[in-house]
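Let's have the full structure, built from the sequences with the hints guiding it.
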Amino acid sequence: MLQSTIESLLEKALSAAGIQIQLDYKITPSPRKEFGDFATNLAIAGAKKLSRNPMELAAEIAEKLKMGGAEEVISKIEIVKPGFINFFIKDELTQKSIPEIIRQDQRWGHGSSGKGQRILLEYVSANPTGPLHVGHGRWAVIGDVIARLLKAAGFKVETEFYVNNIGNQVEKLWESVQAARARKPTPANGYGGAYIKEVKGDSKEDIIEYILSEQKATLAKLGVLFDRFFNESELHAKGEVKEAVSRLEKNHKTIIEAGAIWFKSQEMGDDKNRVLVRADGNSTYFAADLAYHLDKFSRGYERLINIWGTDHHGYVKRLKAAVEAMGLPADRLEIIIGQLVTLYRGNEPIRMSKRTGEMVSLAEVIDEIGSDATRFFFSATDVNSHLDFDLELAKKKSMDNPVYYLQYGHARICSILRKAESEGQGSSTKGQEDLSSLTEPAERELMMRLLAWPRSVEEAAVLRHPHRITEYGKELAIVFHHFYEKCRVLGNPARLTLVDASRITLRNVLELLGITAPESM
RNA sequence: GGGCCCGUAGCUCAGUUGGAUAGAGCAACGGAUUUCUAAUCCGUAGGUCGGAGGUUCGAUUCCUCUCGGGCCCGCCA
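If you read the first sequence in the UniProt record's numbering, its first letter stands for residue 1, the second for the next number, and so on.
None of these hints come from the bench; they were simulated from the model.
Think of the CB as a built atom: it goes at the ideal place given N, C-alpha and C, for glycine as much as any other residue.
Incorrect hints may have been included.
[Claimed, not checked] Simulated restraints, written as ranges between beta carbons of each label pair:
(1) Ser246 with Pro518: 48 to 58 Å
(2) Ser112 with Arg181: 53 to 63 Å
(3) Cys487 with Gly269: 30 to 40 Å
(4) Ser246 with Gly269: 16 to 26 Å
(5) Glu171 with Tyr344: 28 to 38 Å
(6) Lys200 with Asp280: 46 to 56 Å
(7) Glu171 with Glu234: 18 to 28 Å
(8) Lys200 with Leu463: 36 to 46 Å
(9) Lys419 with Ile21: 51 to 61 Å
(10) Gly167 with Asp367: 24 to 34 Å
(11) Arg181 with Pro518: 39 to 49 Å
(12) Glu519 with Glu392: 22 to 32 Å
(13) Arg228 with Leu463: 18 to 28 Å
(14) Ala220 with Lys156: 21 to 31 Å
As structure tokens, then:
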């Protein structure tokens, strides 16, 4: 909002200076308040390209900015050392922007850069052979928040869960269930978890259905709902697996060896070729996955995003290679790799073994610490980093726990607004109020943070980084609590408007994270 | 042996795609409550950004090497 104002001023100044070349520069919030509100590296970035001295270029740009009327909204423009240009925003511009937050309300922070493009986001896609584990929980939350982010950025998003409802592991599962019912030992390579005894159903289809419904129930506890569950069997039924293989054959990307059909992935950078159709005539998981992506592409999405666990990272290269070999636009396929979660109880890691079936299930975690805390902690770190998740910390209803820090901020705001309402001051001025009295540092700081919200959403969406939103939320809560200490709100209409704008922003933060925004705590 | 990811304060993590004196929270220490929710706030202390080179005006960020940790390398899915 403020940045785009500066950007257009800069563009005007550039053309006034007769600079036609496209320069790659940035406008960023200043790292320290002595450097103003925003800074640009334009002169440094442009100096080399224009073979000019950066300081001189900065001086010229600053001059053109002033001539171009920048001083209506900028109180000071300053050039510093290597060639940074620092901007000090006039309070009036900031103050005028706040009522817009209240007008936009639910829409505040939402943008249109996605232009309605269709995206298919596939995530979780756990095998229907057992309960979801905490790793699935992490992908589920990350996926759900990314879907919300992309929608907020103006994309049309559909979410999908791929169900491997046929194949070897289904046979193993069925054998394991039958063995358990007959009180016989778990078959070799079977499933030995305690849950096997609980599985209901009298056919393969029934037990898959049962386990899937348990998985869905767990996801629902987290508030994660999918637009579609896509069964692998459908690909076979529709002949798409054959279709995928024959596409590769047609493009001369296969060889036959030892009775099997192989994808020549080696010539596309893979360490070895991969089997598509086994010697016994059955297709592999890989072939079905190709068919699945063929199907996705045929549905006309602009972009396909998959979230996979790190245990599948090795398949990225070969899937992309195969997609390309089928003649499909591999550059539209994006795969996010999520690292695993290690559970802790205090300082003690909780050991888990799939083999012995000693697992803490996702459902147990959610039951123990609640959906809000689970969602927050799974959203709060870069999915590309391993996550140490401390159940004791997540359970604490105290300041140690950032979830409550944000929620408390919201509740505190609501309490103020309730009080104002009951005292007849009105909880909101619907953006009509004159905010020129808001000039104190704590007020300025809060306003600046509020106005940074749309950009945070946009960046989080582009980067597919939900943790950007939790970071923003923590920062906003900090400046709000700071403001609260410094500034008495009741009896001050301008501050009431600011508080209402804070309420909307904080609520939208929590909404994007899928976390409840309590009105009292 | 090969591939991908991670390594930042005692702990858990950010770091705006290469910018200015590297930031939060917790833990530690010291303060604040007749005032709109103290689930809060203020202050102090805490760092060779795993290590070594390189690229350039400038590197936590990019490249090479190296050390440590995680995950993977099936005609399983």
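Results for each hint:
no.: 1; hint: Ser246 with Pro518: 48 to 58 Å; verdict: 56 Å, holds
no.: 2; hint: Ser112 with Arg181: 53 to 63 Å; verdict: 56 Å, holds
no.: 3; hint: Cys487 with Gly269: 30 to 40 Å; verdict: 59 Å, violated
no.: 4; hint: Ser246 with Gly269: 16 to 26 Å; verdict: 23 Å, holds
no.: 5; hint: Glu171 with Tyr344: 28 to 38 Å; verdict: 36 Å, holds
no.: 6; hint: Lys200 with Asp280: 46 to 56 Å; verdict: 32 Å, violated
no.: 7; hint: Glu171 with Glu234: 18 to 28 Å; verdict: 19 Å, holds
no.: 8; hint: Lys200 with Leu463: 36 to 46 Å; verdict: 43 Å, holds
no.: 9; hint: Lys419 with Ile21: 51 to 61 Å; verdict: 57 Å, holds
no.: 10; hint: Gly167 with Asp367: 24 to 34 Å; verdict: 31 Å, holds
no.: 11; hint: Arg181 with Pro518: 39 to 49 Å; verdict: 46 Å, holds
no.: 12; hint: Glu519 with Glu392: 22 to 32 Å; verdict: 28 Å, holds
no.: 13; hint: Arg228 with Leu463: 18 to 28 Å; verdict: 26 Å, holds
no.: 14; hint: Ala220 with Lys156: 21 to 31 Å; verdict: 23 Å, holds
Checked against the numbered hints given earlier, this structure breaks hints 3, 6; the rest are met.
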